[in-house]
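**Q** In case you want the letters, here they are:
4 protein chains.
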Amino acid sequence: MKKKVAVIGATGIAGQQFIAALPNHPEFEVTALAASTRSAGKSYLDALREPSGAIGWWCDEALDEHFAKMPVVDAETFDAKSVDVVFTAVESDAAKALEPRYAQATPVISTASAFRYFDDTPIIIPGVNNEHAKLLRKQQKERGWKGFVTPIPNCTTTGLAITLKPIYDAFGVRAVVMTSMQAMSGAGRRGGVLGLDAMENVIPYISGEEEKVQKETQKILGAMSNSGIESANFPVSATCTRVGVLDGHTEAVFVATEQACSVADVARVMREFKGNLEGLPSVPNPLIYVHDDPFRPQPRRDRNMNDGMTTVVGRLREERALSDNGIKYVLVSHNTKMGAAKGAILVGELLVRDGYIG
Amino acid sequence: MKKKVAVIGATGIAGQQFIAALPNHPEFEVTALAASTRSAGKSYLDALREPSGAIGWWCDEALDEHFAKMPVVDAETFDAKSVDVVFTAVESDAAKALEPRYAQATPVISTASAFRYFDDTPIIIPGVNNEHAKLLRKQQKERGWKGFVTPIPNCTTTGLAITLKPIYDAFGVRAVVMTSMQAMSGAGRRGGVLGLDAMENVIPYISGEEEKVQKETQKILGAMSNSGIESANFPVSATCTRVGVLDGHTEAVFVATEQACSVADVARVMREFKGNLEGLPSVPNPLIYVHDDPFRPQPRRDRNMNDGMTTVVGRLREERALSDNGIKYVLVSHNTKMGAAKGAILVGELLVRDGYIG
Amino acid sequence: MKKKVAVIGATGIAGQQFIAALPNHPEFEVTALAASTRSAGKSYLDALREPSGAIGWWCDEALDEHFAKMPVVDAETFDAKSVDVVFTAVESDAAKALEPRYAQATPVISTASAFRYFDDTPIIIPGVNNEHAKLLRKQQKERGWKGFVTPIPNCTTTGLAITLKPIYDAFGVRAVVMTSMQAMSGAGRRGGVLGLDAMENVIPYISGEEEKVQKETQKILGAMSNSGIESANFPVSATCTRVGVLDGHTEAVFVATEQACSVADVARVMREFKGNLEGLPSVPNPLIYVHDDPFRPQPRRDRNMNDGMTTVVGRLREERALSDNGIKYVLVSHNTKMGAAKGAILVGELLVRDGYIG
Amino acid sequence: MKKKVAVIGATGIAGQQFIAALPNHPEFEVTALAASTRSAGKSYLDALREPSGAIGWWCDEALDEHFAKMPVVDAETFDAKSVDVVFTAVESDAAKALEPRYAQATPVISTASAFRYFDDTPIIIPGVNNEHAKLLRKQQKERGWKGFVTPIPNCTTTGLAITLKPIYDAFGVRAVVMTSMQAMSGAGRRGGVLGLDAMENVIPYISGEEEKVQKETQKILGAMSNSGIESANFPVSATCTRVGVLDGHTEAVFVATEQACSVADVARVMREFKGNLEGLPSVPNPLIYVHDDPFRPQPRRDRNMNDGMTTVVGRLREERALSDNGIKYVLVSHNTKMGAAKGAILVGELLVRDGYIG
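Residue numbers (this note's numbering), protein chains in the order written: chain C, 3 to 360; chain D, 3 to 360; chain A, 3 to 360; chain Y, 3 to 360.
Honestly, the hints are just simulated from the structure, not real lab data. One should not assume that every hint holds.
If chains are identical, the list can't say which one is meant, so a pair holds when it fits in one copy or spans any two.
[As the list claims (entries may be wrong)] List of simulated lysine to any residue pairs, SDA-like, C-alpha gap at most 25 Å:
(1) Lys71 to Met307
(2) Lys140 to Arg322
(3) Lys276 to Glu67
(4) Lys98 to Ser54
(5) Lys6 to Lys98
(6) Lys6 to Gly194
(7) Lys214 to Gly277
(8) Lys71 to Arg303
Computed from a predicted structure; not experimentally measured.
Next up, chain C with everything else stripped away, as it sits in the complex:
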């Protein structure tokens, strides 16, 4: 018996990525699509139709015919009790209003930031901090919910935290400096990056992004205790920029480690990193791929490894500017796959396996 799943915000670009990823999922069956009142009552295909007559479907995958015909319901009045899991892909303001309502009855896995910084809420990246899920029990208890809200991190945090995890466990982390070169798809379509700005250019600022990455990375790598998550105490300093790339965030990472570590050491712990995820349907193998070719990773050529679920690393070099021990590297992470809908689905798979979704 598959779990019944709802996708909220199904017509938006983040929601579409759920629709692209969920056909034929072995554990989840989409039984409800919800969107704004304007779309409610239409078929999903009609809800995607733009004034020009074009179909506003933006994923590379073809739109599944079954989903095309599904009716869209109103997210405002959607009854979360009718499903086992809710995936939300809505703006933060909408999330603040909708997610607590759904969570009274049903587990909610969210791509929005609304809940990320609450003390009773984990930001789970499967493989990195599976054990933080325990905090959801506290959230349920204190809020009196049958369900819960568990957000995934900002898409720029994802690759950083995944690659830091094996380093942190093996050698300790003292400080992190990171510069991102982020893809345009991270900004979405509504209010998205104009061609006039992105073409032949770098935009050195993404509002709020650096604060999110710094805070979320510390929380995700924090220690779980009975009282909650104690954020890791190493500083994270980020400069986040936008480049003319469609998909795939590139990050240049500099890590000061507690203990000495060679390039070979770090390559080994990254390659061996499994994260206790064996058997989950969407888990990639490997979680982290390490290139020896110095010209890699490149976002266009590496973002799609294992359908966008593997974090791809290269240019491992020793780092001595921050402290006596350290490593620097470049990573590519697919911001709309592992960093968004498919990452949220993997969280769902983990929470099913570990008994949080019943």
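Model the placement of chains D, A and Y on the given structure of chain C, informed by the hints.
**A** Chains D, A and Y alone, transformed into the frame defined by chain C:
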């Protein structure tokens, strides 16, 4: 009386930038253009002609008619005594052979790396280390040359060293971490970056670039003593990448300082930085422009400030991951203007003023 | 005594191009800037300020300090009697309401399409159809206006009509087929082309564009008689596409001519084309530049010839598929210079010279 | 029993596309990989290795492990008798020397142009001119070969000829005008398009391309008689340009037809076009896809339909500038899939089915 100037490697893309910059220069008059044997004997225009019949002139500025008609001489047999200054814009291997020969008679200002790392050779950035020119006297004496060879730095070093200088003088520098997003023009046309690689992509590696930036920055900010230059002892850690930008290197810089410094402090010392260059014909005003707009600097919109001679800074923020005190920022520097030919011309102007070119 | 000029829609991207072009104009002095009620009362600089604090000034030219301080007035209540000429750079709907109001007192030169297709209104391209200005007398008389409204054409029509004119006069035109590859700046910033759509792509449709080009080209090349303009009767068939270019429309043009014409013939009549514009301040020399290099024209390298006022042609070849005689070629025309504000200013200069603006 | 296949020029970018396409092919089994003497004796993986250590594998598909280990033999000394079919993906000069040699024993299907314009050689596009294969019997007889050489067309011809075919059959074609916006991958990597040229630009010329398209289209749509192919007598006029697109040629096509045809008529004959290819393993369904959405086809979003084998059409409109009857449209064709290796494989499948490859 203007100084007589030769441009060596005049048909290459770096050489063309000299040709584009030197018409109507108040102090320099180009009296000789030299290139490989293949071009020798042709007019400059004919030497630029490609097999297809197209004129391979790649600067935005129109080709000056006077230069178009000038004859090209053979760099191998060019007599440097016929001019007061030689600007070389040739590959490193050619520079190794040609520059010492010219320098026996005449000052050579070079865009090549061949001499950069010799103990008797400064890497001068006007405004940053004018006093390093003294080392040229030692070079002349020890090598028995009437002239000298003085190279400009790698184009990625230029903006970094210029912006570090006022910070270094005011607050001290303990460590520097830098990630560059470099323009394609830095790779030139022969063996240059393919559209198939650059389009919608980031290339995370530029062979040899990081080592150059690290070493040159330390040397340029080093102290001049009687025995030579003692490189600055703060570590510099760089990741150099290539992005789909035509001109203008963008760099995300993180600096640990010795002393506390606020964003306002750093903005002030950058804006006030003059470098003792007043009155030189090519010196921009300001040397460093500091944006308050967080979406700047952008390479496409800022690279041409003061005809590519101003280093443009923005996103000044306090930096605490590397140490207790520090600053981070983003800079844009025009790699083929201040970072190449026009920067070399500015060196020439400085050396004339300070009596090294007679 | 310079003519007093108002720019309406001064804060928009088309309006900014007027502001960038008009400082130091020998005949026009801007005495009023008008925009929407939201901007009225602010200085021009403040009116450009965006919520983020950034200044939304999008021209390459620096913003003139004098204009920065000028007050912006409300276009709704602006008194056109206070100036000698009004340049309007507003959306078509606003133009429909505002332009007739201003025209009661004052000549209006418009970048909007609102008036283009009225029988009593010419679409003047200086050099192509100067004599169509006579129709403005009829417009004034019939409408009872002291001023008039004279629109410039769509930016895609401009280069096509300019290059067809000397062919039409010398050899006659039987039919025209044209495919455009248009720059993103043609779509402006509000509702402009997304980077996600433009990057590494071609968009094969621009709503309404083909109809405009077809109709306007026939009208502009039409004959002026006492009763009005009789559109030229050769068919024009266009496919208009958008490519990832910032500025400069490229058009591949195929022309069936009435009479035989060789490549040399056509090159000659294009190069000799003067259009009776000698002495106008903004007129470029030449009006049409013809490349022999087959790799030209390219939008990035040719759009700025004579500050964007010259139409650049290349790849002249005989054309035999449409009829027995003909020519095909590629042109580049700067869509936001000759194709917009600066083209409108040139119309103004022509109308001053020819006595329509007193 | 699968046919034994050799790929000649296997290390080049065109050859790699065969290697990417042939794993698990139901009819063809690659038993030999050949390349230049320099690569001979190495494993295929080692032959792809570049001086930097990077693996120069440029297809999106992962390199098949079986092929990676296969030895590369010398194309000069390769014994074509050892296989049933030879696919060649070499430069035209090499093709001229190698292909006749192989053809003495074995059928050769070539992506090179060397044989395209011989009177005894067809240019087969499956579905368009299957019956031209008969000419191969004549070629064999006259040249005394057991095999033959059959080239595929230039990648820009492919989509044009496929879309003209149903129009030609149903309504007759009187004249064709076409402007292409071609992808950079068509120029390959060696001597390929530089980022400095392609970025934010259009290059209006591709040497030799227009002549190829014009001549090949007439030949492919020509009539087969006992004496050979009589090229179709309608004129084809092309302007071929390069745009900053990675893969997928876009073409704006204007067709004068003999008989009247509405948009609906043409959409219908395109959609119904089967080409007598049913059952071939690589044949796409449909051969031609017709969009109603006016914003399609776009190369980035449409090139991969049916793994790059479907020609995608849109913007069907009536065409009246060339003659009284006609149609215009935009097409996208994947230049390195249907237009190259995979198109050649489809030719192979057709020739097996029709008994030319035994």
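**Q** Are the hints correct? Go through all of them and say.
**A** Checked hints:
no.	hint	in the structure
1	Lys71 to Met307	between (31 Å within a copy, 22 Å between copies)
2	Lys140 to Arg322	neither (42 Å within a copy, 33 Å between copies)
3	Lys276 to Glu67	between (36 Å within a copy, 24 Å between copies)
4	Lys98 to Ser54	between (32 Å within a copy, 24 Å between copies)
5	Lys6 to Lys98	within (23 Å within a copy, 55 Å between copies)
6	Lys6 to Gly194	neither (32 Å within a copy, 40 Å between copies)
7	Lys214 to Gly277	within (23 Å within a copy, 39 Å between copies)
8	Lys71 to Arg303	between (34 Å within a copy, 22 Å between copies)
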